[in-house]
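**Student:** Below, each chain spelled out in residue letters.
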Amino acid sequence: MFDVKVKAEVLREVVDVISTLVDEAKFNFTKDAVSVKAVDPAHVAMVDLTLERGAFESYRADDGELGLDMDKVKEVLKLARPTDVISITHEEEKNRLVLNVGNTTRRMSLVDTAGMSDPKVPSLNLPAKVTIRADELRQGIRASESVSDHIALIAGPDGFEIVSEGDTDTVSHKVSKELLEELSAKETVRSLFPLDYFSNMVKAISTAPTVRLYLGSDYPVKMEFKVSGGKGEVKYLLAPRIESDS
Amino acid sequence: MFDVKVKAEVLREVVDVISTLVDEAKFNFTKDAVSVKAVDPAHVAMVDLTLERGAFESYRADDGELGLDMDKVKEVLKLARPTDVISITHEEEKNRLVLNVGNTTRRMSLVDTAGMSDPKVPSLNLPAKVTIRADELRQGIRASESVSDHIALIAGPDGFEIVSEGDTDTVSHKVSKELLEELSAKETVRSLFPLDYFSNMVKAISTAPTVRLYLGSDYPVKMEFKVSGGKGEVKYLLAPRIESDS
Amino acid sequence: MFDVKVKAEVLREVVDVISTLVDEAKFNFTKDAVSVKAVDPAHVAMVDLTLERGAFESYRADDGELGLDMDKVKEVLKLARPTDVISITHEEEKNRLVLNVGNTTRRMSLVDTAGMSDPKVPSLNLPAKVTIRADELRQGIRASESVSDHIALIAGPDGFEIVSEGDTDTVSHKVSKELLEELSAKETVRSLFPLDYFSNMVKAISTAPTVRLYLGSDYPVKMEFKVSGGKGEVKYLLAPRIESDS
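Protein chains in written order, with the numbering used here: chain A, 1 to 246; chain B, 1 to 246; chain C, 1 to 246.
One or more hints might be untrue.
Said to hold, decoys possible - Straight-line alpha carbon distances no greater than 30 Å define the calculated DSS-like cross-link-like pairs of lysine-lysine that follow:
(1) C/Lys-5 <-> C/Lys-235
(2) A/Lys-174 <-> C/Lys-78
(3) B/Lys-177 <-> A/Lys-78
(4) B/Lys-7 <-> A/Lys-78
(5) B/Lys-7 <-> C/Lys-74
(6) C/Lys-74 <-> A/Lys-203
(7) A/Lys-203 <-> C/Lys-177
(8) C/Lys-78 <-> C/Lys-129
(9) A/Lys-5 <-> B/Lys-177
(10) A/Lys-78 <-> B/Lys-5
(11) A/Lys-7 <-> B/Lys-177
(12) C/Lys-5 <-> C/Lys-31
Hints are computed from structural coordinates only; laboratory data are not their basis. Values in this document were obtained by computation on a predicted structure and should not be read as measured data.
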């Protein structure tokens with residue numbers, strides 16, 4: 001059984017987070033929460049999202065799973081204002097999802113989850129931790145966009161830095177320790193990432209004022225932020241690129 | 001003689017209504033009103049628009065007709081704010097139209113009306129009548145757009161419904177009797193229409209708060225609404241598509 | 001030495017004025033001012049811009065020159081709000097420019113100025129002078145855009161007129177003497193210009209409320225306006241087109 005009501009703005013946040021990496025996703029649900037784990041087709045990034053039942057206006061569910069096409073859910077979201085309530089019901093006999101917003105009802109076929117794996121979130125030992133305002137992170141990414149396809153994320157005892165190095169030009173966006181919400185980095189660590197992936201992940205942050213980054217040297221970055229006013233959490237993982245000596 | 005002054009917002013409404021179906025149109029005028037009847041090139045839809053002399057700031061005309069290119073009139077409208085007054089004068093000796101807005105004067109060649117027919121508006125006996133808020137109709141069309149190229153319009157004793165059926169998904173936008181301005185339907189009637197035509201017709205409604213639909217089963221739909229605060233009226237007619245059994 | 005601070009809105013005005021004609025430009029500077037003279041690649045138009053040291057928040061410079069890529073400077077401007085201060089420093093040993101806005105630093109390679117000429121501004125004897133509100137000029141250009149690729153600029157004792165003549169239609173935008181800020185034209189003069197160039201030059205006027213035009217018959221037009229609240233000045237020169245008899 002899956003029969004819930006949720007505000008459009010909450011569902012939109014969830015869909016934006018997931019559709020950054022995949023077009024279709026398996027939603028696992030229990031009586032307490034909905035969760036999604038997915039790896040992008042190029043196996044470069046992973047998302048691990050949890051939304052507690054408290055994030056919903058009403059929530060009734062047994063253990064189960066639903067395969068959803070993110071574009072179809074977005075089409076329903078386009079019909080709703082942020083605070084409109086969308087009701088979502090699984091019609092088990094017909095194996096379809098019925099979404100209702102206002103006077104509109106959409107009956108949606110489900111995606112077969114047989115071919116969808118449950119990716120295992122790797123356990124990583126990342127020595128540096130940075131909590132930064134999402135706005136500041138966005139500004140750093142905007143600054144990097146014109147110069148290179150890659151960015152280096154650097155954390156050290158003094159602060160956090162995003163560096164983008166092109167053939168002729170270099171952009172550095174440096175946030176000193178005092179301007180960070182939190183910084184824990186005994187040594188300076190540095191890893192290189194594909195800018196498009198990292199940028200899209202940051203764009204998926206809609207309401208969270210801050211985001212936490214876990215970093216190492218030539219290691220993946222883990223990005224954590226809240227959704228639905230703290231009633232849900234997102235963990236993104238992004239693989240590093242090999243940094244060539246120059 | 002044709003020598004009038006009209007607010008840009010009134011002319012824009014008229015041009016939007018007509019250019020939904022045709023690029024060029026014959027404007028017939030008498031001393032009391034301007035009227036346009038036109039059929040789209042695919043012969044799927046018809047427009048029948050009347051604008052009384054009271055919709056103009058000033059109006060002097062004998063019986064006559066003018067062939068106008070809608071895009072050229074739109075170019076003049078782009079130069080005007082909604083409440084700007086546009087003066088339009090027919091220079092008969094040169095057979096051109098002179099439009100004036102502010103400090104700008106456009107001298108415009110006319111389109112030859114020799115090849116333009118005067119379509120006859122068919123008399124139809126449509127058993128159901130629905131008056132609905134234009135906003136509600138727009139929302140129903142937006143909901144349908146992602147699922148199919150066609151929509152079924154259904155009216156019955158309980159209400160009015162727009163249904164769009166795709167291969168895997170279905171969208172229904174149902175407005176119950178209580179939410180309609182007016183409903184007269186003894187039996188349930190249903191006809192299928194091309195979504196793009198119907199959507200463009202609804203988009204041409206700019207100021208009218210409500211629109212009246214006349215419907216039958218596998219029959220054309222007639223759509224009526226006011227322009228220029230009631231000093232003009234539009235009647236659209238749209239042919240049905242054959243509904244295949246499924 | 002070149003080490004200055006300037007508000008983003010001032011730098012943006014300068015960059016917009018120059019990039020209308022060229023992608024790269026040589027900035028000449030002295031201890032009192034920065035100036036740029038450039039001719040577009042088709043040799044149809046010229047810009048001559050001067051920005052006094054008073055337009056900067058701080059200014060330290062010896063005599064020198066810097067070759068700049070306008071697109072790169074625009075990329076830095078995208079990161080700044082209008083009143084943000086951008087610091088610009090020439091690192092002579094590495095021959096690069098360092099631009100700093102907020103937490104972002106961009107190190108930018110310079111363009112080789114060896115191939116950039118210093119165009120000589122021709123001395124022209126243009127008999128008519130018109131000072132017009134920039135808004136009025138923009139409206140006149142908008143009106144002309146749909147009809148032809150060329151516009152005639154006409155000044156006479158009674159006023160100023162922009163005329164655009166197409167195959168079937170004509171647009172005239174006439175500003176009578178009383179609506180001009182200033183008019184000096186003993187005889188009527190008329191020259192024809194490429195609309196795209198003239199339109200782009202007018203679009204580069206961002207803050208100046210008025211613009212002064214110097215005109216002759218089949219002669220270039222000189223356009224003058226202020227930037228940075230009067231602490232800088234722009235002179236554009238645009239070559240006429242030959243008017244064919246029709």
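**Student:** Tell me, which hint numbers fail for this structure?
**Tutor:** 4, 5, 7, 8 and 10
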